[in-house]
Amino acid sequence: MEQGNRKLQRLLDKAEQSGVTRAYAVSEGEGLLFTNLNSREDLEKIDPHRRDEGLNLRRYRVERGWVEEGDRVAMEEPLEVRVNGQSVAVMMRTPGHDEELATGFLLTESVIESADDIAEIQHRPDLDPEAVGNSLEVTLKKETDLSELTRHVFTSSSCGVCGKATIESVFQQFSPIERGITLNSDFLLELPGKLRKQQETFDRTGGLHASALFSTEGELLLLREDVGRHNALDKVIGRSLRDQIDLSKVVLLVSGRISFELMQKALAGGIPAVAGISAPSSLAVKLARDSGQILVGFLRERGFNVYSGEVE
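Everything in the sequence shown is counted per the working numbering, starting at 1 for the first residue and increasing by one.
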């Protein structure tokens, strides 16, 4: 071959005839391992957990008029969560970290108390072959009464309590914070910049919410992005449970407004302090004050508001 006297195809043909090589049939999914990747578009076709995708659009600007450009948008797909064979929710989310999402969701819905309650989480085959990995089967170690999970089947990416069947079911009971943490203004003012530097998908799309956990020393411990605010927080809580992060000693920072549902999820995880780039709702403030949580809103690099708790 070095001298050019042999053709590779002829060599392979002879090798196959002599039994040196063998041909194997592989499934369609396994065949993706041998796909040529020559562009980002090729990668998007085989990556079931991509968080954004490219498209073409027409953009209008006063100074330039209409132009044809490429852009990227955040992915949004449904995820069905089944517990012990029973469907409990269908959530619109950004693909990726689905096991974390399911774990955090089940904790904040009082289905589990810790990650140890889960025996196994598996992706189920989809009815739609193009929608890979959009169904999760969670097997719990013990039989659990799921009747308290009073949700309708569908939950949108913009609301975590929209599927609740009654007003009473919205106000779940979680223990108040017994031991808080001490925060100072210099510490808080540094957090928005640290969060922004790590928001990779937001930089490409401008379309994702973020939840991040910081240690009391200001170290970024964990960050998740999603089209839904509550999904991003569920992913953070779920990952923390699986990694056994002590949530009683962290600060949660969210990239948008702070709603009641976010405060309740934070309380379910035992998080003592919540800060947001935007405003809190009235019910979020009430819950924070009743539960003993620190609540900071409008957190920017030049100032913030304290709605609950003490900041030095």
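None of these hints come from the bench; they were simulated from the model.
Here the structure is a predicted model, which is why all the values come from computation and not from measurement.
From the three backbone atoms N, C-alpha and C, an ideal C-beta is built for every residue, glycine too.
Certain hints may be false.
What the hints assert, rightly or not - Okay, derived cross-link-like pairs now, SDA-like style, lysine to any residue, Cα gap no bigger than 25 Å in a straight line:
#1 Lys194 x Ala279
#2 Lys142 x Val88
#3 Lys141 x Ile177
#4 Lys141 x Leu247
#5 Lys249 x Glu99
As the list claims (entries may be wrong) - So the derived label-pair ranges between C-beta atoms look like this:
#6 His123 x Glu219: 45 to 51 Å
#7 Asp186 x Leu55: 39 to 45 Å
#8 Arg179 x Trp66: 42 to 48 Å
#9 Leu220 x Gly180: 20 to 26 Å
#10 Arg124 x Arg204: 28 to 34 Å
#11 Arg289 x Arg64: 39 to 45 Å
#12 Leu140 x Ser185: 15 to 21 Å
#13 Glu143 x Leu283: 32 to 38 Å
#14 Ser110 x Phe298: 28 to 34 Å
Return holds or violated for the Cβ distance of arginine 124 and arginine 204 against the range 28 to 34 Å. Cβ of arginine 124 to Cβ of arginine 204: about 30 Å, so the range 28 to 34 Å holds.
**Q.** Range hint 39 to 45 Å (beta carbons of aspartate 186 and leucine 55) holds or violated
**A.** For aspartate 186 and leucine 55 the Cβ distance comes to about 43 Å; the hint holds.
Problem set entry | Straight-line alpha-carbon gap lysine 249 to glutamate 99, limit 25 Å | Holds, because 24 Å separates the two Cα atoms, which is no more than 25 Å.
Quick one: are histidine 123 and glutamate 219 within 45 to 51 Å, going by C-beta? Given a distance of about 32 Å, which is not inside 45 to 51 Å, the answer is violated.
Verify the CB-CB distance for glutamate 143 and leucine 283 against the hinted window 32 to 38 Å.
holds, 34 Å
Point to revise | Assessment of proposed distance window 39 to 45 Å (beta carbons of arginine 289, arginine 64) | key: violated, 50 Å
**Item:** Range agreement (Cβ of phenylalanine 298 with Cβ of serine 110, hint 28 to 34 Å)
**Value:** About 31 Å separates the Cβ atoms of serine 110 and phenylalanine 298, which means 28 to 34 Å holds.
query = Cβ-Cβ distance between leucine 140 and serine 185: within 15 to 21 Å?
reply = violated, 44 Å
Q. Holds or violated: lysine 194 with alanine 279, Cα cutoff 25 Å?
A. holds, 19 Å
query = Do the alpha carbons of lysine 141 and isoleucine 177 lie within 25 Å of each other, as the hint requires?
reply = violated, 28 Å
> Regarding arginine 179 and tryptophan 66, is the given constraint of 42 to 48 Å on their beta-carbon distance met?
Replying inline: Violated - the Cβ-Cβ distance for arginine 179 and tryptophan 66, about 59 Å, lies outside 42 to 48 Å.
For the hint 20 to 26 Å, verify it against the beta carbon of leucine 220 and that of glycine 180.
Distance hint for leucine 220, glycine 180 holds at roughly 21 Å.
This entry does not satisfy hints 3, 6, 8, 11 and 12, going by the numbered hints stated previously.
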